[in-house]
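Visitor: Our numbering applies: residue 13 is where the sequence shown begins, and numbers increase by one.
Possibly wrong hints are sitting among the right ones.
[Claimed, not checked] Simulated crosslink set (BS3-like; lysine-lysine; CA at most 25 angstroms straight-line):
no.	residue 1	residue 2
1	Lys350	Lys293
2	Lys313	Lys293
3	Lys350	Lys232
4	Lys313	Lys238
5	Lys292	Lys232
6	Lys238	Lys159
7	Lys232	Lys293
8	Lys313	Lys292
[Claimed, not checked] Computed Cβ-Cβ distance ranges for the label pairs, DEER-style:
no.	residue 1	residue 2	range
9	Gln249	Ser206	16 to 22 angstroms
10	Ser168	Gln190	25 to 31 angstroms
11	Asn351	Gly172	29 to 35 angstroms
12	Ser168	Lys350	36 to 42 angstroms
Rather than coming from a laboratory, the hints here were simulated on the basis of the structure. Backbone N, C-alpha and C define an ideal beta-carbon position, used for all residues, glycine too.
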Amino acid sequence: MSFRPDNTAHRVAFAVVVSLLLHGAIMWGSDIRLPYFKPSLPPLSAKLEALPGGTTAKLKPRPKPVRKTRPTAQKPDLEPAPKLAPEPVPEPAPEPAPQAETPPQELPLAASAVVAASETTAASAPVETETLEPEATQTVERPPLPKRARLTFAISTGKGFLVGEAVHTLEIDEGRYQLQAVTRTIGLARLFKSYTLTQNSSGSYGRAGLVPEQFMEERKDGSGTKRTTAQFDHATQFARFSSDREIALPPGTQDILSILYQFPPLQGVEIAAVSVSNGKKIEKYEFEIVADEEIETALGKLLTVRMSKVHGPNQEGLEIWLAREYRLFPVKMRFIEKNGEITGEAVITDIRVSEEEGARKDVVN
Numbered sequence: 013m014s015f016r017p018d019n020t021a022h023r024v025a026f027a028v029v030v031s032l033l034l035h036g037a038i039m040w041g042s043d044i045r046l047p048y049f050k051p052s053l054p055p056l057s058a059k060l061e062a063l064p065g066g067t068t069a070k071l072k073p074r075p076k077p078v079r080k081t082r083p084t085a086q087k088p089d090l091e092p093a094p095k096l097a098p099e100p101v102p103e104p105a106p107e108p109a110p111q112a113e114t115p116p117q118e119l120p121l122a123a124s125a126v127v128a129a130s131e132t133t134a135a136s137a138p139v140e141t142e143t144l145e146p147e148a149t150q151t152v153e154r155p156p157l158p159k160r161a162r163l164t165f166a167i168s169t170g171k172g173f174l175v176g177e178a179v180h181t182l183e184i185d186e187g188r189y190q191l192q193a194v195t196r197t198i199g200l201a202r203l204f205k206s207y208t209l210t211q212n213s214s215g216s217y218g219r220a221g222l223v224p225e226q227f228m229e230e231r232k233d234g235s236g237t238k239r240t241t242a243q244f245d246h247a248t249q250f251a252r253f254s255s256d257r258e259i260a261l262p263p264g265t266q267d268i269l270s271i272l273y274q275f276p277p278l279q280g281v282e283i284a285a286v287s288v289s290n291g292k293k294i295e296k297y298e299f300e301i302v303a304d305e306e307i308e309t310a311l312g313k314l315l316t317v318r319m320s321k322v323h324g325p326n327q328e329g330l331e332i333w334l335a336r337e338y339r340l341f342p343v344k345m346r347f348i349e350k351n352g353e354i355t356g357e358a359v360i361t362d363i364r365v366s367e368e369e370g371a372r373k374d375v376v377n
């Protein structure tokens, strides 16, 4: 059976019927209602109630918090300020208008390490010594060393990555000195390789400077601890090592730590020679002297004297920079491999010394 109109008349009739039905739905459809569903939750209502106490309370505005101004951090002085005579007190001036808060200044990197001793102050800058002048004709004493000193260095690879820190401490008492250097890996480098190098140099301190009598070096890493020692007997002029080796002791021999603070004579020379021991043997070093070289450090630009170890193509190199404005203390060291590559650098970040000079012996055996 087919419901499709078969001719034109039937199609017209079908259209008329559909039109009548649609008009009827529009006219009488308003009486049709959808079923009503009651909500499951009661309607919300709100009303105002008096505060406890029977009286109407007024809400006070919340006071704005007072903003406190933090004191501005000050940079530590490298030299204690001189005491001045009291001046007459002037009449009080009118109070200036309030200014905007000043953010605290960051301390320089040079102030990151502080000596534990309370009497220790920042390093002073003495006058340049005549030992550094090429035209000097007379032998001049080295700058006196302080009774206590602490120097901090940042250790980086030849490519400039920070991997460690070295702290040197010097103590002089009654003509005797104790010099220690502790170098260790820090930060991410310590996670990959824990390494600590401790060096100790001790002996007498006189007019000629430091005279080492004992040197010790201890290395600690993941494989264990290695320790070497050396005794310098100046009376018999022999050096004895922990390997039971004994050799002749050249006059003026220094160890690899004391040489940083007991540099060879610098006046009127371009090449200075000195015997240096690493705790296992004694070698003769020749240093090329270059004066008035300026370098960048955490303490700012420093005028230095550079000592470069003269070495062949298959020998290790060493360069030391001594600060002219800081008692000729070492402020930079560079280590060069046998192939000529820079294996590491140590650059000063902080210098702290006591104002009191270390007592020196008049005669050194």
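Visitor: Name the hints, by number, that the structure is in violation of.
Guide: 2, 4, 6, 8, 9, 11, 12
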